[in-house]
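**Student:** Residues per chain, in single letters:
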Amino acid sequence: MSGDSAASAPGRSGARPERPVGRRTPGSRFARLLAGGLLHGGVQGSPVLRLLLRWVRRPLLPVMRLWRRNIQLKVVATTLLMSLGVVLLLGFVVIGQVRNGLLDAKVKASQSQATGGFAVAKQKADEAAGASADDGTPADGGASQNVIEWMSELVLSLSSGGQGAFDVVTLPPGDVSGVARGPRASGFVDPDKSVPEKLREQVNSSTGAAQSYSRIIYLSDKESQPALVIGKQVNDPNGDPYELYYLFPLTQEEKSLSLVKGTLATAGLFVVVLLGAIAWLVVRQVVTPVRMAAGIAERLSAGRLQERMKVTGEDDIARLGEAFNKMAQNLQLKIQQLEDLSRMQRRFVSDVSHELRTPLTTVRMAADVIHDARVDFDPVTARSAELLADQLDRFETLLADLLEISRFDAGAAALEAEPIDLREVVRRVVSGAAPLAERKGTTVRVIGDQQPVVAEADARRVERVLRNLVVNAVEHGEGKDVIVKLAAAGGAVAIAVRDYGVGLKPGEATRVFSRFWRADPARARTTGGTGLGLSIALEDARLHGGWLQAWGEPGGGSQFRLTLPRTADEPLRGSPIPLEPKDSRRNRGDLDDAGLPRGGGQKSATVPVQPVGEQQSAARSTLTPRTAGAATADPTALPGNGARVVPRPSPSPGTGPRTGAGTSTGVGAGTGGTVRGDSPNRTDTAGAGDPDGPDDGGTGDARETALRGTSDRHRAGAEGANEQGEAFRGR
Amino acid sequence: MGAEWREGGTRRTPGRTVAYATCGVVLLAGCASMPDSGDLRGVESTPRQDTQVRVFAMPPRDDAQPLEIVQGFLEALTSDDPGYATARQYLTEKAAQKWEPERSTTVLADGPATDAGPTGSRDDGDDYSYTLTGTRVATVDAQQSYAPASGQYGQAVHLSRDKKNGQWRIDALPQGVVMGKSDFQRNYVSVNKYYFASNTTADGARQPMAVADPVYVRERVDPMTQMVRSVLTGPTNWLRPVVRSSFPTGTALPKGVTALTPDDQNKLTVPLNDKAAHIGQGKCEEMAAQLLFSLRSLAPAVDEIALRSGGTQLCSLTEERAATVAARGSETNPGYLYFIDGQHRLERMTSGSGNTKAEPVPGALGDGAKALRSVAVARDEHSAAGVALDGKTLYVTSTVSGSSIGDPVLQSKGKTETDRLTTPSWDTQGDLWVADRDPAAPRLLLLEKGGGQPLEVLTPGLDGRINAVRVAADGVRIALVVDKGGKQSLLIGRIERGPGSGEQQSVSLQELRSATPELEQVTAMSWAGDSRLVVVGRESGGVQQVQYVQCDGSIPEAGTLPGLTEVTSIAASEDTEIPLFATSKDGLLWLPGGSGWRTLKETASVTFYPG
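Line by line, the protein sequences give chains A and B. The first sequence begins at 1 in the working numbering and counts up one residue at a time. The second sequence begins at 1 in the working numbering and counts up one residue at a time.
Just chain B, with the same shape it has in the complex (with noise of 0.2 Å):
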């Protein structure tokens, strides 16, 4: 009977029992092979597994010999304990008030070595005598400022015997926390704060430009309460004469605030102490801009920063607005990347957007009239300035299609080449830097506005001859690769202007100091961020690199770039986002994503992005 109906049923309609059966054959084959197709969704990041070490601090052991105390003392040192309090069981009483540990961190390249003593009646005595030797890399102050140091590191720790219990302990040490390079770099992270320049604003814009202070916190004792407080506590000292905070003086954490943690919307509320209590809604907008690119430095989920005084919220500041507060060097994109093609001819790219069509730059240099050896092109995009091929002089002239090039405004008496004008360089005034390399006379000149008298700039301190200019967007911080005795070394120093004779202030460079203490030979740099260099250079020994370097002289962590030889000259934007591109005897490189340089144009000698 079944028989007989199924029979029946197929005849009736047998088309769509087929049609039936063959969708339900093709589902279920769907179910059971791999898709190939279909389902379109973003992909979250996973957050990268931290394989940090941990160091877990032991207390003493009962009748730990001397060594052993040095020993632990050390180790304890390096662990991520937040006061040292494991630390301090080291210590007589006495010690561990007096001892501070933040008041310094010194670096030294190996660790420290523990040399027994001159002193102390080796095993019946009651004193007993350390020295901590080792070679020094670096120092970080008490205002967590990283500065390469060197030299040997000598200081003596004396221990001795409790005398109730008997039991060893450290009475006499130097002040601040010594570790090895390796600790250092696995309990320290490098983050930049935030403050304004107190002289110069973004160009076209009354916003304040916001300048990188980069310190070092440790990276595991509650960080961003650590960079709050130091937001609050002011810039470095280095920075200070040109920088200024929006925080009045005083300001602080309430007491009681033990950590910050932002909410579940990435909004961080910080509390602050009655002196912020009346301020302006600029003023606050501007505090809440400085802890908001601090903190996103560290932490870049935060989305958000709420101020409160006194119970009441000040203000909040969002991710999107702080834009509009402060301008900030990595956030303001270059239009096009310039390079000086084969026929020293200015052309130009489309930055960023990965379309490798190069096109000339409108405008005298871009037709070809005037053979060049370097432009620097202004911020703006509206001007550049123009080194002829002999290096002898220099032209300033507008990127507008039909512009004449004009009279050169600054010439070069340098005999050869290389002893003339260097790479020109725009701040965000509109300022020219350009660095007369004549041996006769080497100087630093400013034109202002691109025009006018050359203005030299006082450079106190600088031993040797500058061989490259570059203004960080800032306007505040300059890079100069200085010449001596045929080493090249990366310098920073501070730019500051006063009221100088006449009309024309002065301009001077301030405290220099050297950001790559290890390379020997530095050919190219650029600026890569807002405390960040790109740096072609060659260690003593070593084989030219291309690698990162923080502005104080420390190397951050993804610090070394894919190796590329003979590099002529590199471009990098503050914006991170933006792809590095270099000359070099293979023409126009770029470095897409990291995964090695790639050939972009057979012939180009130099490349730069605005500024």
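If we strip away everything but chain A, and leave its shape as in the complex, we get (with noise of 0.2 Å):
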């Protein structure tokens, strides 16, 4: 029920229900969705997973909770993430490159010296052809003689060009056909494992050379090296072929390799906390301002005004605090500006109120003989006097209601609270209320008064409280039953007032408490009282720490609720008895489909730009977290007197369009005045009902003083039945 939360404080300034509003939602948002996203996301899956998810998830929540809240940490670990990344790349890229780079070099220097190698190895193999040929032995037998040895020695001599630098391999060719030597390996090389197959092949095949990447494997303890394998197929001196392997181990380009790998992951571990340090530190100096700030805002926001942020240098942070410094005093200025403009307002009004007293006094004095001597009078002149003396026990009533606000208004008003027997108070109201109930035709039926109802109050406070409920309610009864009910609950204790008069218009029941407003301008001619009776009553209720509310629906009646708590200084939680009633006509469903009536039946409903479906909906289903976390607002606070506030943590959206209601009644009330004259018996008997008599002029008054119980509304609607089930649980 957004709507009544809209109404719920329409005295207030607006931006401070609002902000924490625009402050949380965003942020819940947001967690939402991280929650939603990447917590619960997939968390549809089978019980087993979603609480293993569950289990996982329990000590991620607080990082996940500083990560929200703390801004140093997410620059610091988005930077260190982002330099990381950006080191792996360099990484990746500068070996990469270096690695070609040494490969390069050593593939060209390694192809050279094969190369040499088996131009050698062809030549030594024409040599000891021709040596044998010219020894004149036959080709055949013969010059297979050396091969042996030859081979051997050749090995060892092409072996011996680079110590270390490589290794030689012989190789029989795969497709053996004649006399095929042994494999020979210099350097403890295993020929077999050594020389990859691939290569092998692809010597076989072709003429040319063919290298590949291998690891050296070796006979003796040395470990395996990767190394680069040139081949190629030659003959020797009987012109069998065999394959001749140069093996470049690759150790000393690993080397350099590894020693540019270990270069580059230190620098990169040097950089990626440089650049987190870089981070911190300037985050830091930007954030340790503005965590400044936040608190200082958040204290001026608490009403301390005079903080101010410690200013520093000539920087941009400087500038936002000398900015923030300034914005808080200029505050500071008219919020006191305004308060000294309210209390000189106030002062004003109880002085006049003094001062008009005794001039007062004295006319009555003189109006009291005229009116006694009025027999004697002719009858124009009599009934002039009639009027005078009526008109001037509304001056004083009046005058005394004044008087009882501005004590209010200026903080005078003092709690004398004890513990007493509610039920008492009801009696002594309802017995007080009787004459004039008999002659409206009305029942007063007490309910719930069987066990006592104790509570710490000011009964002369409560007294004046529940007469004016009762006489307006017996006032606007239009003869039918009114029904006072009590409960005691939890730490709380209600005094509902129920009619069934014509009841109360929608947003009517926001505007009720407000000063001088009456509901019925034309109905209020037959009334009396001076406007100011639920005013009085709401500061009342308030000074004890309660709630005033009301609730009503045009033609189904109203119902006044007053809840206070057991023992003073104590927060209320709820109220034992709903503000709207049972029997409501909407509870009673006797509403038709179309669902305007019943919008507009339920006083509650204040927004008349909120889609009635929605009202609807929200309306039924209570329980919906969004509208009971919106209806939790303190209806006992006043505009203007914040300090009071019991403070409730989700106050309602969107009270702005209210703000007015409360000033605005001044003309009315003057005016309610003036045509309330024509009904003087009603204030007679209001007057000789009531003791105190300020209190009881007001009591007709169907003023909507623009109050905190506009929330009620909202808890008739929504909350209302949240606080019912509290109330039946209290029970």
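A portion of the hints provided could be inaccurate.
Unchecked claim - Computed Cβ-Cβ distance ranges for the label pairs, DEER-style:
no., chain 1, residue 1, chain 2, residue 2, range
1, A, P196, B, E566, 56 to 62 Å
2, B, E331, A, G91, 57 to 63 Å
3, A, Q111, B, E320, 42 to 48 Å
4, B, T356, A, Q111, 48 to 54 Å
5, B, Q313, A, Q111, 35 to 41 Å
6, B, K275, A, S224, 57 to 63 Å
7, A, E197, B, V221, 43 to 49 Å
8, B, A19, A, A105, 43 to 49 Å
9, B, G24, A, Q111, 45 to 51 Å
10, A, E197, B, P248, 38 to 44 Å
11, B, C31, A, E254, 22 to 28 Å
12, B, G335, A, E254, 26 to 32 Å
Claimed, not checked - Heads up, simulated BS3-like pairs for lysine-lysine below, C-alpha to C-alpha not over 30 Å straight-line:
no., chain 1, residue 1, chain 2, residue 2
13, A, K122, B, K370
14, A, K124, B, K370
15, B, K370, B, K94
16, B, K370, A, K222
Don't read these hints as lab results, they were simulated from the structure. Even for Gly, the Cβ is constructed at its ideal location relative to N, Cα and C.
Put the two chains together into one complex, using the hints given.
**Tutor:** What follows is the structure, encoded as structure tokens:
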């Protein structure tokens, strides 16, 4: 029921309730997104999985909270991550390039070396073949005589060229057709495992040289190493082919590469640490003043207007601080001016009231004399005298009410709380209102007085409030029953006064407590009252730390509920009696299906722009968390008196439009007063029934003092159900 | 604010701040440039890169031709196959059982050539024969003793086709292994096994004298175990008459011992069979010393030998203590290097110290009273024998100052200087050997303790005139340069002493054998190790060169030394650490660290170490 919550604090500046909402909404949305997207994601699976996820999530929650709240952590972590990424990328690129460069150089050198070696092998074979030919030995049997030794010597001479720089391996050709020599290897190389099979195939299939990367396996204890293998098929002196391989270990290259790797890793580590430290420092430079500003702003908003930021230097932060301080100063100035103005006004009212009293007393005495002697006057004059006395009565009541109000405004009202049984008070009030009720043909019934309803309260003030409510109910009850209900539950006691009269139009429930507000100027003529009665009653309730709330529906009557804490100084959490009575038309369900009357009948629906359907649904679904959270405004709060508000965590949004209500009633009061002059009888009875005159005068006024009570409307719709629940539970 | 603070700080201690900054900069600069001082430490010797080539034997291919079989077999012989298992796959089962590769190794100059045999029906027949031919270089017998050889090699190999699978296999072949010279050098390594001279002891001590017995073992087939087995088997035939082994007869490794390897502390534990179980401590230490000396010639890292038998440790011997158990020529360091200067006086230099300051030898030989042609200083360096400039007379005198030269102990009747006495040589017992080159009566003489009646040494089998004599430090072997028909060759002989007629013992040189069959003109030689000599000689058609030779006639790996011409004498010690000296027409030269010959003195005629 956002509509109600919008009306909940009409007297407020509007910024106050809105800000926390504004702050809260994105935050909660973010949290929901995080929780939903990141952590709740995919939780729709099996319960075991859900349990596991929850178990995993639990230790993460504080971290995430810290993450959400700490901008420094965010910036530093992001910086670290990004720099780490860049360093890794850079490392890969640089290592790759170094590797390629090293390999290129190595491959070129190795190729030239191997090519030279192949040439040497060929040359030696030719020489040996030539020598054996010179000897005249037959090519078939004789020339083959020395190949065994020749090849060993060849490998030895080739490998002795580069001690450790390379090793030489000869292998028989893959397709052995003629005489094949066994493998030969220098430097303890395992020839079969070190030369890859693919390279052998390539070497066998082509006449050119081929190269491949491989790993040299040693027959000795030496560790295997990566190597470049270059091979070619060469002919021995007999013309038989064999495979000659040069194996170049890449040990040096690997060492260089690991040196580069180590250097890069070290440098990268330092860079990451440096960037993290820089980010930390910079953010600290920025965040520290921001945090200070946030703290100062919080304190300012808590009312400590003298708080200022410390400003050092001339940088942007300093300018922020200066501007902030200037703003705070201006605010403080304006608030002070307003307070001064308000105080002046109140004193003015108080002074005027006091000053008017003295001449009024004189006038009164004179008027009484005239009134007493009216029988001696001609009818016209006698009538005037009567009129004079009536209006003087009224004037006095008004003055008394004004004095009472100004006493509240000045904070001079003192609570004399003591444990009292509210049943006594109720009985006194009911019996006091009995004449009026009788005249109206109304029966006042009291429910819930079987057990004592004890609370720490000021009996005089509670009685004044109740009298006001009961008289109001009787007067507007149109002769129907008035029910006074008592209840106690939890830490609270409540008294609800229910009538079945014309009820309240939408929006009126919030305005009845406004000073000099009248529900119906036409009807007001028949009733007396100053228009301040409910205001004073509300002040009384608030003085107790209690609530005074109104509910009504057009044609369905209304209910006023006074909720008081059982012990003074105890904040109220709920009321034992639901604000909307069970026999309301809506609860009875006798609304037509169109829903419009229903919405209209519901006094709580004070925001016309609200779509009806939503209103309904929100009203029905009283357990939705959103409305429940929004309806927790303290009803006792008055405009301009935020200090008295019992702190409730979730203010109602959208109170802005209602702010003017309190002030706009002044004119109405005047007219109301004059119009009401037409019904002297009513005034008389009212005055007679109420010793505390000023209060009674106001009982007839169906004024809406735009109060905190609005949130009750709310409660009537949405939270009401909750509170009902609480109340029942309390019982 | 920061600036102010910094200024304040600087103002407070400007000097200190500057000093800190300077220190930091200097430190950083030190890190950023290559060090040019400091950090002194020893350098560990990195093991020499082994570029040796290994041949991997391949089993015979299916349906291989006879020639392929023979070639594959010959190739398999050059591989590192421990038991020639792959080579045996080329043989028929019967031949493989009969074939004994350990029997001998024949080294041919260029490897065996395969000539198609005279018999054999070419393609379709079931038998085939080849003749392995080549020029013999050397043979290694079953005792692994190397002997130079010459002549043509020709052995038949017969192949037959297996009845069952139709594969060609060798069914008749010569015993032993045949391979080329380079394959032999690649696969075999020369090591010394040590025994004790049976009738000589080191001078002045009761220690037995260790005699090196060079053998060839296969280098990559667990040489350490081969070595131990070889030591246990006993000395080679040539040396057997004059040496003894401390191992009781029949001592061997227990069955099942396959490979012996030293542990982390370079200690090798050798298990022995029961024959060695009840052996005395002194004998056991001698046995251990034999093994230790032998193994150190193969693996210098071995520091300690422990002998076990029957589960108990018999004894253990460290390298340090081995010197007290047995004497070895290479362990006795000569005190001085001697040479005869331009005035024919004997001078000396402290050996091995690099100090090149020469001083005259005290005593009669150093004062120049008698012009000297050649001198030998006894191994204890207390006495010296000098041959007069004309080569006619031999004097023996003390190297103590003030001693007189006395009368000649020997005179030669030769006509010319080159027909008279050779350079004398002392053995470890203090006996003096000298040869008289008188063509009329060439003889080798032994003067016991440098005096007395010269004893003529019997030289059976000597053909030619002895030009130079050098007795080895062990007193068992003698090196002779023998001139025959204008060719000088180096011969190694075995000294055998036996009871002679009357009081005098008879001394003979037995089984003279050539150590340098390929050298024609040996001009100078000297022992340069337990079984090694340094020889100055010239091959036929070659130039004069200085080289090491093994006393069994093989050429060690690091054989050739930097060239030097017209060498008249060369001085080398059994201790291989001590540098070589030589004299030529350039005077006295030496070879420090193998970098090349350097002149030390302008004039010198003969140089030698004691002995």
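**Student:** So, for every hint listed, does it hold in this structure?
**Tutor:** Status of each hint after checking the structure:
Under the hint 56 to 62 Å, the C-beta atoms of A/P196 and B/E566, about 58 Å apart, fit the expected range. Between B/E331 and A/G91, the C-beta spacing of about 60 Å keeps the proposed range 57 to 63 Å intact. Our hint of 42 to 48 Å for A/Q111 and B/E320 is violated, since their Cβ atoms are close to 54 Å apart. For B/T356 and A/Q111, the Cβ-Cβ distance of about 52 Å falls inside the hinted range of 48 to 54 Å, so the restraint holds.
Separated by about 58 Å at the C-beta atoms, B/Q313 and A/Q111 break the suggested range of 35 to 41 Å. Our hint of 57 to 63 Å for B/K275 and A/S224 is violated, since their Cβ atoms are close to 45 Å apart. Distance hint check for A/E197 and B/V221: the Cβ-Cβ separation is about 30 Å, which falls outside the suggested range of 43 to 49 Å. Under the hint 43 to 49 Å, the C-beta atoms of B/A19 and A/A105, about 46 Å apart, fit the expected range.
Separated by about 48 Å at the C-beta atoms, B/G24 and A/Q111 satisfy the suggested range of 45 to 51 Å. Taking the beta carbon of each, A/E197 and B/P248 are about 56 Å apart, not inside 38 to 44 Å as hinted. At about 25 Å, the beta-carbon gap between B/C31 and A/E254 stays in the expected band of 22 to 28 Å. Distance hint check for B/G335 and A/E254: the Cβ-Cβ separation is about 53 Å, which falls outside the suggested range of 26 to 32 Å.
Distance hint between A/K122 and B/K370 is unfulfilled; the C-alpha atoms sit about 66 Å from each other, more than 30 Å. Restraint check: the Cα-Cα separation between A/K124 and B/K370 comes to about 61 Å, which exceeds 30 Å; the hinted pair is violated. For the proposed pair B/K370 and B/K94, the alpha carbon gap of about 75 Å is over 30 Å, so the pair is violated. The straight-line distance between the Cα atoms of B/K370 and A/K222 is roughly 64 Å, outside the 30 Å bound, and the hint therefore fails.
The structure does not agree with the numbered hints 3, 5, 6, 7, 10, 12, 13, 14, 15, 16 stated previously, though it agrees with the rest.
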